[in-house]
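Q: Single-letter residue listing:
Number of protein chains: 2
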Amino acid sequence: MKQLKYSRQRESIKACLMARHDHPTADTVYAAIREEFPSISLGTVYRNLNLLVELGEIQKLRCGDGADHFDADIRPHYHFMCRECGCIEDLPMEISPEINEQAQKYVHGKIDSHTTYFYGVCHSCLEKKTS
Amino acid sequence: MKQLKYSRQRESIKACLMARHDHPTADTVYAAIREEFPSISLGTVYRNLNLLVELGEIQKLRCGDGADHFDADIRPHYHFMCRECGCIEDLPMEISPEINEQAQKYVHGKIDSHTTYFYGVCHSCLEKKTS
DNA sequence: GATATAACTAATAATTATTACTATTATTAA
DNA sequence: TTAATAATAGTAATAATTATTAGTTATATC
Chain L
1253 MKQLKYSRQR
1263 ESIKACLMAR
1273 HDHPTADTVY
1283 AAIREEFPSI
1293 SLGTVYRNLN
1303 LLVELGEIQK
1313 LRCGDGADHF
1323 DADIRPHYHF
1333 MCRECGCIED
1343 LPMEISPEIN
1353 EQAQKYVHGK
1363 IDSHTTYFYG
1373 VCHSCLEKKT
1383 S
Chain C
1253 MKQLKYSRQR
1263 ESIKACLMAR
1273 HDHPTADTVY
1283 AAIREEFPSI
1293 SLGTVYRNLN
1303 LLVELGEIQK
1313 LRCGDGADHF
1323 DADIRPHYHF
1333 MCRECGCIED
1343 LPMEISPEIN
1353 EQAQKYVHGK
1363 IDSHTTYFYG
1373 VCHSCLEKKT
1383 S
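Those protein sequences? They're chains L and C, same order as listed. Each residue of the first sequence is one higher than the one before, starting from 1253 at the first, in my numbering. Each residue of the second sequence is one higher than the one before, starting from 1253 at the first, in my numbering.
You may find that some hints are simply not true.
Stated by the list, open to error - Below 20 Å or equal to it, Euclidean Cα-Cα: the simulated EDC-like pairs (lysine to aspartate or glutamate) are:
#1 Lys1362/C / Glu1306/L
#2 Lys1362/L / Glu1379/C
#3 Lys1254/C / Glu1309/C
#4 Lys1380/C / Asp1364/L
#5 Lys1266/C / Glu1336/C
#6 Lys1357/C / Asp1320/L
#7 Lys1312/L / Asp1274/L
#8 Lys1380/L / Asp1342/C
#9 Lys1362/L / Asp1274/C
#10 Lys1357/L / Glu1341/C
#11 Lys1362/C / Glu1341/L
#12 Lys1357/L / Glu1379/C
#13 Lys1312/C / Asp1325/C
#14 Lys1312/L / Glu1336/C
#15 Lys1362/C / Asp1274/L
#16 Lys1362/L / Asp1320/C
#17 Lys1312/L / Asp1320/C
#18 Lys1312/L / Asp1325/C
#19 Lys1312/C / Glu1346/L
#20 Lys1381/C / Asp1364/L
#21 Lys1257/L / Glu1306/L
#22 Lys1380/L / Asp1320/L
#23 Lys1312/L / Glu1379/L
#24 Lys1312/L / Asp1342/L
#25 Lys1357/C / Asp1364/L
#26 Lys1357/C / Glu1346/L
#27 Lys1357/L / Asp1342/C
#28 Lys1312/C / Asp1364/C
#29 Lys1357/C / Glu1379/L
#30 Lys1362/L / Asp1325/C
#31 Lys1362/C / Asp1342/L
#32 Lys1362/C / Glu1336/L
#33 Lys1266/L / Glu1306/L
#34 Lys1362/L / Asp1342/C
Stated by the list, open to error - Estimated spans, in silico, between C-beta atoms of each pair:
#35 His1273/C / Glu1353/L: 22 to 30 Å
#36 Tyr1258/C / Glu1287/L: 53 to 61 Å
#37 His1360/C / Leu1256/L: 36 to 44 Å
#38 Ala1267/L / Pro1290/C: 49 to 57 Å
#39 Ala1319/L / Ser1383/C: 43 to 51 Å
#40 Ile1347/L / Val1305/C: 28 to 36 Å
Derived from the structure by calculation, the hints contain no laboratory data. A virtual CB, placed ideally from N, CA and C, is assigned to each residue, including glycine.
Work out the full structure, taking the sequences as your base and the hints as a guide.
A: Listed below in structure tokens is the structure:
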């Protein structure tokens, strides 16, 4: 059994994620952590992010832009992604388990979860267009 | 204005996608097309798949496994993905536009679409487990 | 408190998925 | 049939991620 050992780098990565709400990619986290740990490597960031995901302390988002995004808010919730700038917003919207049950009727396997991403244009990109 | 020219390779790629319902990745399509065009290159497959997406003749799926999958069925529909084997099934389930409207209440931007992926374990993987 | 050891790190190599470039070939319009 | 041009094959480049490795630290045990 692997016993987890404390690491300041991992703490810092988690703290960074908890402090911001823009669902950064590994690369963005890397850039931020480098302020505190200039010698940290991208590999360490990836390893710890994935470790934190495994521990259930953060969650990984794949919104379709190719890169993994990370979110310190592990409560299941929906996301909205802007087609123009790629920013991601949380949707404080209730997730009903009924949807899984409904979908279950159409699948031979066993559904246990679902993810939904809403797409469109965010507030600030809409403003840019009218100006 | 770029004028589209016929290409047998592109036809074959489209035909291949229409014949199968397993939502293959570019690489899988490449392997299949090589039976007919042994000298086709992976770049050609990617270019034509993306071209067909632009033309609206097929759609691209990003289910969270890192690779793009392609689907000749362009009608909006939901998908189910098996966590074990990674296979993807179509859900012949109606998509209600109400969900967008509901979510719209929580977003400052303008929502125009959403995607939902259901996750779980498929029929054949369930069977493997019990045996 | 010293020390062994196992998890940690940085650095880098390898992989995977995808896109870009370029010389050649195929399609189409004149 | 020819000339223009888009598409191709082949290759190189890039981006995101994972794996490897050699050296460094934290922690349990002595």
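Q: Are the hints correct? Go through all of them and say.
A: Results for each hint:
Note on lysine 1362/C and glutamate 1306/L: the hinted pairing is violated, with a Cα-Cα distance of about 34 Å set against a maximum of 20 Å. Taking the CA atoms of lysine 1362/L and glutamate 1379/C, the gap is near 11 Å; set against the 20 Å cutoff, the hint holds. Distance restraint check for lysine 1254/C and glutamate 1309/C: the Cα-Cα separation of roughly 18 Å lies within the 20 Å cut-off, and the hinted pair is therefore satisfied. A distance of roughly 18 Å separates the Cα atoms of lysine 1380/C and aspartate 1364/L; the hinted pair therefore holds under the 20 Å criterion.
Taking the CA atoms of lysine 1266/C and glutamate 1336/C, the gap is near 28 Å; set against the 20 Å cutoff, the hint is violated. Distance restraint check for lysine 1357/C and aspartate 1320/L: the Cα-Cα separation of roughly 27 Å exceeds the 20 Å cut-off, and the hinted pair is therefore not satisfied. At roughly 13 Å between alpha-carbon atoms, lysine 1312/L and aspartate 1274/L fall within 20 Å of each other, so this suggested pair holds. Distance check on the hinted pair: lysine 1380/L and aspartate 1342/C sit about 38 Å apart at the alpha-carbon level, beyond 20 Å; violated.
Distance check on the hinted pair: lysine 1362/L and aspartate 1274/C sit about 18 Å apart at the alpha-carbon level, within 20 Å; holds. As the CA atoms of lysine 1357/L and glutamate 1341/C are separated by approximately 13 Å, the hinted pair is consistent with the 20 Å bound. Between the alpha carbons of lysine 1362/C and glutamate 1341/L the distance comes to roughly 12 Å, so the proposed pair stays at or under 20 Å and holds. Note on lysine 1357/L and glutamate 1379/C: the hinted pairing holds, with a Cα-Cα distance of about 18 Å set against a maximum of 20 Å.
Simply put, lysine 1312/C and aspartate 1325/C have alpha-carbon atoms about 10 Å apart, close enough for the 20 Å limit, and the pair holds. Simply put, lysine 1312/L and glutamate 1336/C have alpha-carbon atoms about 18 Å apart, close enough for the 20 Å limit, and the pair holds. For a cut-off of 20 Å, the pair hint linking lysine 1362/C to aspartate 1274/L stands: about 18 Å separates their Cα positions. For the given pair, lysine 1362/L sits about 24 Å from aspartate 1320/C by alpha-carbon distance, which is inconsistent with the 20 Å threshold.
Annotation: proposed proximity of lysine 1312/L to aspartate 1320/C holds, straight-line Cα distance about 18 Å (limit 20 Å). Taken as a hint, the lysine 1312/L and aspartate 1325/C pair is broken in the structure, with Cα atoms around 28 Å apart against an allowance of 20 Å. Pair hint lysine 1312/C plus glutamate 1346/L does not hold up; C-alpha atoms about 28 Å apart against a cutoff of 20 Å. With a C-alpha separation of about 16 Å, the suggested pairing of lysine 1381/C with aspartate 1364/L holds against the 20 Å cut-off.
Proximity of lysine 1257/L to glutamate 1306/L is assessed by CA-CA distance (about 15 Å); at most 20 Å being required, the pair is judged to hold. For a cut-off of 20 Å, the pair hint linking lysine 1380/L to aspartate 1320/L is broken: about 27 Å separates their Cα positions. Note on lysine 1312/L and glutamate 1379/L: the hinted pairing is violated, with a Cα-Cα distance of about 30 Å set against a maximum of 20 Å. A hinted pair counts as satisfied when its Cα atoms are at most 20 Å apart, and lysine 1312/L with aspartate 1342/L qualifies at roughly 14 Å.
Between the alpha carbons of lysine 1357/C and aspartate 1364/L the distance comes to roughly 27 Å, so the proposed pair goes past 20 Å and is violated. Our distance criterion of 20 Å between C-alpha atoms is met by lysine 1357/C and glutamate 1346/L, whose separation comes to about 12 Å. Only pairs whose Cα atoms come within 20 Å are accepted, and lysine 1357/L paired with aspartate 1342/C is accepted, the gap being roughly 12 Å. Distance check on the hinted pair: lysine 1312/C and aspartate 1364/C sit about 17 Å apart at the alpha-carbon level, within 20 Å; holds.
For the given pair, lysine 1357/C sits about 18 Å from glutamate 1379/L by alpha-carbon distance, which is consistent with the 20 Å threshold. With a C-alpha separation of about 24 Å, the suggested pairing of lysine 1362/L with aspartate 1325/C is violated against the 20 Å cut-off. Our distance criterion of 20 Å between C-alpha atoms is met by lysine 1362/C and aspartate 1342/L, whose separation comes to about 14 Å. Our distance criterion of 20 Å between C-alpha atoms is met by lysine 1362/C and glutamate 1336/L, whose separation comes to about 12 Å.
Using a Cα cut-off of 20 Å, the hinted pair lysine 1266/L and glutamate 1306/L holds, with the two alpha carbons roughly 13 Å apart. Distance check on the hinted pair: lysine 1362/L and aspartate 1342/C sit about 14 Å apart at the alpha-carbon level, within 20 Å; holds. Between histidine 1273/C and glutamate 1353/L, the C-beta spacing of about 24 Å keeps the proposed range 22 to 30 Å intact. Distance hint check for tyrosine 1258/C and glutamate 1287/L: the Cβ-Cβ separation is about 55 Å, which falls inside the suggested range of 53 to 61 Å.
The beta-carbon spacing between histidine 1360/C and leucine 1256/L, approximately 40 Å, falls within the hinted interval of 36 to 44 Å. Checked against the hint of 49 to 57 Å, the C-beta distance between alanine 1267/L and proline 1290/C comes to roughly 54 Å, which is consistent with it. As the Cβ distance of alanine 1319/L to serine 1383/C is approximately 39 Å, the hint placing it in 43 to 51 Å is violated. Between isoleucine 1347/L and valine 1305/C the beta carbons are some 29 Å apart, a value that agrees with the proposed interval 28 to 36 Å.
In summary, the structure is inconsistent with hints 1, 5, 6, 8, 16, 18, 19, 22, 23, 25, 30, 39 from the numbered list given earlier, while agreeing with the others.
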